[in-house]
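From first to last, the protein sequence lines stand for chains Z and D.
If you're matching positions, the first sequence starts at 164 in our numbering and goes up one per residue.
If you're matching positions, the second sequence starts at 164 in our numbering and goes up one per residue.
Derived by calculation from the structure, the hints in this document are not laboratory data.
Since we're looking at a predicted model, the values are computed, not measured.
Hints should not be assumed to be uniformly reliable.
[What the hints assert, rightly or not] The following label-pair restraints were derived from C-beta to C-beta distances:
1) D:Leu344 - Z:Lys534: 27 to 35 Å
2) Z:Arg279 - D:Arg462: 32 to 40 Å
3) Z:Lys343 - D:Lys561: 32 to 40 Å
[Claimed, not checked] Mimicking BS3-like on lysine-lysine, the simulated pairs with C-alpha atoms at most 25 Å apart in a straight line are:
4) D:Lys534 - Z:Lys406
5) D:Lys259 - Z:Lys259
6) D:Lys343 - Z:Lys534
7) D:Lys588 - Z:Lys192
8) D:Lys321 - Z:Lys521
9) D:Lys259 - Z:Lys497
10) D:Lys543 - Z:Lys259
11) Z:Lys318 - D:Lys588
12) Z:Lys552 - D:Lys259
13) Z:Lys537 - D:Lys259
14) Z:Lys521 - D:Lys192
15) Z:Lys259 - D:Lys165
16) D:Lys588 - Z:Lys493
17) D:Lys318 - Z:Lys588
18) Z:Lys259 - D:Lys552
Where is the CB? At the ideal position from N, CA and C, for every residue including glycine.
Protein chains: 2
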Amino acid sequence: MKIPPVKGTRDFYPPEMAVRNWIIDGWKKVSVRNGFEEYDGPIFELLKMFQIKSGDEIVEQLFSLRDRGGRDLALRPEITPTLARMVNQRINALSKPIKWFSVPRLFRAERPQKGRLREFFQWNIDIIGEDSPLADAEVIFTTVDYLREIGLTSKDIKVKISSRQLLADYLISLGIPEDKLESIYVILDKKNKLPPDTFEKILAEQIPDTSTVRKILDFMSVDSIPQLKDFVEEGSSAFLNIKCVLDNLDMMGVGDFCLYDPGIVRGLAYYTGIVFEVHDVAGELRAICGGGRYDNLLRDFGGPPVSATGMGMGDCVLEILLKERGLLEKQLPKTKIDYFVSCVDENYKDVTVEVTMKLRSAGFSANFSYKITKLSKQLKQASEQNAAKCIIIGDEFKNNKLAVKDMATGQQELVDYDEFLSDIKS
Amino acid sequence: MKIPPVKGTRDFYPPEMAVRNWIIDGWKKVSVRNGFEEYDGPIFELLKMFQIKSGDEIVEQLFSLRDRGGRDLALRPEITPTLARMVNQRINALSKPIKWFSVPRLFRAERPQKGRLREFFQWNIDIIGEDSPLADAEVIFTTVDYLREIGLTSKDIKVKISSRQLLADYLISLGIPEDKLESIYVILDKKNKLPPDTFEKILAEQIPDTSTVRKILDFMSVDSIPQLKDFVEEGSSAFLNIKCVLDNLDMMGVGDFCLYDPGIVRGLAYYTGIVFEVHDVAGELRAICGGGRYDNLLRDFGGPPVSATGMGMGDCVLEILLKERGLLEKQLPKTKIDYFVSCVDENYKDVTVEVTMKLRSAGFSANFSYKITKLSKQLKQASEQNAAKCIIIGDEFKNNKLAVKDMATGQQELVDYDEFLSDIKS
Numbered sequence: 164m165k166i167p168p169v170k171g172t173r174d175f176y177p178p179e180m181a182v183r184n185w186i187i188d189g190w191k192k193v194s195v196r197n198g199f200e201e202y203d204g205p206i207f208e209l210l211k212m213f214q215i216k217s218g219d220e221i222v223e224q225l226f227s228l229r230d231r232g233g234r235d236l237a238l239r240p241e242i243t244p245t246l247a248r249m250v251n252q253r254i255n256a257l258s259k260p261i262k263w264f265s266v267p268r269l270f271r272a273e274r275p276q277k278g279r280l281r282e283f284f285q286w287n288i289d290i291i292g293e294d295s296p297l298a299d300a301e302v303i304f305t306t307v308d309y310l311r312e313i314g315l316t317s318k319d320i321k322v323k324i325s326s327r328q329l330l331a332d333y334l335i336s337l338g339i340p341e342d343k344l345e346s347i348y349v350i351l352d353k354k355n356k357l358p359p360d361t362f363e364k365i366l367a368e369q370i371p372d373t374s375t376v377r378k379i380l381d382f383m384s385v386d387s388i389p390q391l392k393d394f395v396e397e398g399s400s401a402f403l404n405i406k407c408v409l410d411n412l413d414m415m416g417v418g419d420f421c422l423y424d425p426g427i428v429r430g431l432a433y434y435t436g437i438v439f440e441v442h443d444v445a446g447e448l449r450a451i452c453g454g455g456r457y458d459n460l461l462r463d464f465g466g467p468p469v470s471a472t473g474m475g476m477g478d479c480v481l482e483i484l485l486k487e488r489g490l491l492e493k494q495l496p497k498t499k500i501d502y503f504v505s506c507v508d509e510n511y512k513d514v515t516v517e518v519t520m521k522l523r524s525a526g527f528s529a530n531f532s533y534k535i536t537k538l539s540k541q542l543k544q545a546s547e548q549n550a551a552k553c554i555i556i557g558d559e560f561k562n563n564k565l566a567v568k569d570m571a572t573g574q575q576e577l578v579d580y581d582e583f584l585s586d587i588k589s
Numbered sequence: 164m165k166i167p168p169v170k171g172t173r174d175f176y177p178p179e180m181a182v183r184n185w186i187i188d189g190w191k192k193v194s195v196r197n198g199f200e201e202y203d204g205p206i207f208e209l210l211k212m213f214q215i216k217s218g219d220e221i222v223e224q225l226f227s228l229r230d231r232g233g234r235d236l237a238l239r240p241e242i243t244p245t246l247a248r249m250v251n252q253r254i255n256a257l258s259k260p261i262k263w264f265s266v267p268r269l270f271r272a273e274r275p276q277k278g279r280l281r282e283f284f285q286w287n288i289d290i291i292g293e294d295s296p297l298a299d300a301e302v303i304f305t306t307v308d309y310l311r312e313i314g315l316t317s318k319d320i321k322v323k324i325s326s327r328q329l330l331a332d333y334l335i336s337l338g339i340p341e342d343k344l345e346s347i348y349v350i351l352d353k354k355n356k357l358p359p360d361t362f363e364k365i366l367a368e369q370i371p372d373t374s375t376v377r378k379i380l381d382f383m384s385v386d387s388i389p390q391l392k393d394f395v396e397e398g399s400s401a402f403l404n405i406k407c408v409l410d411n412l413d414m415m416g417v418g419d420f421c422l423y424d425p426g427i428v429r430g431l432a433y434y435t436g437i438v439f440e441v442h443d444v445a446g447e448l449r450a451i452c453g454g455g456r457y458d459n460l461l462r463d464f465g466g467p468p469v470s471a472t473g474m475g476m477g478d479c480v481l482e483i484l485l486k487e488r489g490l491l492e493k494q495l496p497k498t499k500i501d502y503f504v505s506c507v508d509e510n511y512k513d514v515t516v517e518v519t520m521k522l523r524s525a526g527f528s529a530n531f532s533y534k535i536t537k538l539s540k541q542l543k544q545a546s547e548q549n550a551a552k553c554i555i556i557g558d559e560f561k562n563n564k565l566a567v568k569d570m571a572t573g574q575q576e577l578v579d580y581d582e583f584l585s586d587i588k589s
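Please model the complete structure; the sequences and the hints are all you need to start from.
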């Protein structure tokens, strides 16, 4: 009986697994050097946890299941609610700021598309308990630190930064009631995804007053901080905040990657301040990652009011971009082994196995062939496996000697077996 | 609104995550040096896939869910069916023997107990396409190679090895019909878990003939290969096979860990030859791991008849054992950073951030304090974070100089900022 895999999931054969490991190892390395500590939660949580503060889109796309006790559970579509739950559970014991990262496997029950699968990995970094715009800048710096590390330049990608607080201030100054903001965010979030006239039409449907629509469109086309002075007060906290984040990013040495773009609003309901997305400059792909400040989430999850800011980057769009740029091929480390142990005499098959296992026990990666074939074939195997050295066990073993061939130089020397053993142990 | 986690799952705060990473990194390292390549499949598969050949116990404990198209899915309770599916999909393209490993996250909807949780990690190694008992021995060697690496000795643990084929041969020689074997395996699997008289009683319920029961009990108390000669023919393939596996393990240098134990039968329906489990010598815990040969599984999953042998080791029992032996505490690497950048002058806060980010960009792990506090407090922070060096930025920065303190020796030197920057870049 032949059974297919589930649509929208991936099988990771060794070559695909090597790519996944390379991406995830890079995320981990950059997180650690930026001072983040790793955490993780369960793959599933109580369903209601995801209904508290996630966007409607996310809740609709939950894979739900039920445990034996009849409780409704869901596979996690994002890790931020779990993070809020975990931090709240130990809020007093954890020293602030909490700088944590995670690489959760996440699930969304949506139609699979290019760059969006039902099952994917996402790098998350968060700084909790620090109000300073420096924390927002540090999250963005860490994101760029990774993207730069894997070979992407400011010609390939841009961090587009905006502020929900700034947007809220401006919309309120235009007389839009606070309880209408949420629904306008949803529309404004589509600005960079829709043709200008479609966008304008949808916005006009929500806001009947033409001059207000005009003003919003003007605000949405600002592309530098100085221009903002025509819309909001220079002394306002929202203005100072986004200016400070951008200044900090300059000082951190990643200013060339960053720009102000009011078209970034983000879908999730929980953002309260700075929001950002990283996009390919060519504009051919979905966002590579996104994030922002979410100062109310911990309180909404039953904890104290603690500020927070973070970022999430999935593996699917990133991998497409890396492949398109030839950056995977160039950087993926070749698998290699220390020793291949070959044998050309059936009488010494046991010795071949013994030598291989001794090498492994001493910490070396080593392989042998289950079949005794011609030496040339075994040398080919050694070379295919990128062995640094090939050991040849044959006739000379009657004098307790084996040959060690350096696969790079081709040089071969006959060594005493006992000496070889004492060498590998030390 | 405060929401608890789901029972039987774990939250991995940074200290628990460090343990999980240490265990998984060890599994990966030992797999690679033993010549296994990593793969992984999706977290969920079509429900019917798990119903083909897993034990009844496993199928009862599935977390099932449904996708939008109404298809019944299940969270994977083991990875072997996925492995069979993946190998069958590419059977002709893959060169044999296939030596693969994986560290899947698995799920069982059972009541959580000591060493058994609803969500856990399991190290899997498999050799596919190799009949030789050497392959069974290599799987067991790799298992011991890991357990020995993390500090467990033959005084702590034993690999108990048996053979389904040997057992089948003997039972059939006693006149037990082949279609009854499966149900007798289930009983015999309980031998090491039940008091002797209870075990005898249950066996007698299945087999009315007292002398047959007696003979089975005698066979089940054999504890060395030579004694087997009283029960099965020395020339039989089953006898030669298990003898060869044990001889190979001796030759591989792990004979002191291994013994023959007919009480090992294994619950899963798909085993066909050698079966084994690793137990703590004290006998206080569940099996640390188990495995064996399953030569029919690929065929049963719609592929060609290809032989296979493998092992699975969960993280829960292992972690309990390591904690009990004090082996975690002793070996878990301390988190440390390369630099802590401290600042004692508010005017140089920007420089502090700049230096930190430059260090990170150059590949060093570096931290700074969001708050400018007394130097003594920041030095304490540096020491708590196990910083190798602490940079002190203060009054001397007006002469473009900063102090670098070696945290191990306590020695401190004043260096030129530009020199420092060119040093870290090279």
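Checked hints:
no. : hint                            : result
1   : D:Leu344 - Z:Lys534: 27 to 35 Å : holds (33 Å)
2   : Z:Arg279 - D:Arg462: 32 to 40 Å : holds (36 Å)
3   : Z:Lys343 - D:Lys561: 32 to 40 Å : violated (53 Å)
4   : D:Lys534 - Z:Lys406             : holds (21 Å)
5   : D:Lys259 - Z:Lys259             : violated (53 Å)
6   : D:Lys343 - Z:Lys534             : violated (38 Å)
7   : D:Lys588 - Z:Lys192             : holds (18 Å)
8   : D:Lys321 - Z:Lys521             : holds (20 Å)
9   : D:Lys259 - Z:Lys497             : holds (20 Å)
10  : D:Lys543 - Z:Lys259             : holds (15 Å)
11  : Z:Lys318 - D:Lys588             : holds (23 Å)
12  : Z:Lys552 - D:Lys259             : holds (22 Å)
13  : Z:Lys537 - D:Lys259             : holds (17 Å)
14  : Z:Lys521 - D:Lys192             : holds (16 Å)
15  : Z:Lys259 - D:Lys165             : holds (21 Å)
16  : D:Lys588 - Z:Lys493             : holds (23 Å)
17  : D:Lys318 - Z:Lys588             : holds (23 Å)
18  : Z:Lys259 - D:Lys552             : holds (22 Å)
Checked against the numbered hints listed earlier, the structure breaks hints 3, 5, 6; every other hint is satisfied.
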